[in-house]
Amino acid sequence: RLCFEKNVEMKVAKNTLIRKALESFNDTKYDGIYESLHGVTALMFSDSPKEPAMILSSFRKTAKDKPVLKAALIDTAIFVGDNQLEALKNIKTKNELIGEVIGLLQSPAKRVLAALLHHHEQKAGGTEAAAEAPAEA
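Mapping to the working numbering: the sequence shown position 50 is 38, numbers consecutive.
FYI, nobody ran anything at the bench for these hints, they're computed from the structure.
By construction, the Cβ of each residue, glycine as well, lies at the ideal position given by its N, Cα and C atoms.
Treat each hint with caution, since some may be false.
[To be verified] Label-pair restraints from in silico Cβ distances: (1) LYS2 to VAL56: 15 to 21 Å; (2) GLN72 to PHE13: 33 to 39 Å; (3) ARG48 to LYS82: 56 to 62 Å; (4) LYS52 to GLU23: 21 to 27 Å; (5) GLU88 to ALA30: 27 to 33 Å; (6) ALA75 to MET(-2): 19 to 25 Å.
[Unchecked claim] Keeping only pairs whose Cα atoms sit at most 30 Å apart, straight-line, the calculated DSSO-like set for lysine-lysine is: (7) LYS(-6) to LYS52; (8) LYS80 to LYS111; (9) LYS17 to LYS111; (10) LYS98 to LYS54; (11) LYS80 to LYS52; (12) LYS49 to LYS80; (13) LYS52 to LYS98; (14) LYS77 to LYS(-6); (15) LYS17 to LYS2; (16) LYS(-1) to LYS111; (17) LYS52 to LYS77.
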């Protein structure tokens, strides 16, 4: 149910079937996953790199250390072992990264605009003071 809510697809498959599917790609980037294929294996597919890790960690709160993370493949990076779950939870999604970049790009522009406005206000204030001084004399 939680997988469905988070748009994560979960499949259980035989380890030999997974191995043959990965070997059919003839790519060495999957070599780190082969040693993790033992026992019961469930595959989780998601558009978000951190949702499966979040689901596993939330499930662990009630199930006490089960299920165990065997391996994760995100683009070209392979995370092997249960100790990598925390790192996977901290991965930023594409939208989070875009938001950070936009925030970083806006920050200097806002500072420049604030400095220009402050400088303009100081000049305007100085002009008014100069205009008042000759009128008093």
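Hints, verified against the model:
no. : hint                         : verdict
1   : LYS2 to VAL56: 15 to 21 Å    : 18 Å, holds
2   : GLN72 to PHE13: 33 to 39 Å   : 22 Å, violated
3   : ARG48 to LYS82: 56 to 62 Å   : 26 Å, violated
4   : LYS52 to GLU23: 21 to 27 Å   : 25 Å, holds
5   : GLU88 to ALA30: 27 to 33 Å   : 32 Å, holds
6   : ALA75 to MET(-2): 19 to 25 Å : 21 Å, holds
7   : LYS(-6) to LYS52             : 22 Å, holds
8   : LYS80 to LYS111              : 45 Å, violated
9   : LYS17 to LYS111              : 62 Å, violated
10  : LYS98 to LYS54               : 48 Å, violated
11  : LYS80 to LYS52               : 26 Å, holds
12  : LYS49 to LYS80               : 22 Å, holds
13  : LYS52 to LYS98               : 48 Å, violated
14  : LYS77 to LYS(-6)             : 14 Å, holds
15  : LYS17 to LYS2                : 20 Å, holds
16  : LYS(-1) to LYS111            : 68 Å, violated
17  : LYS52 to LYS77               : 18 Å, holds
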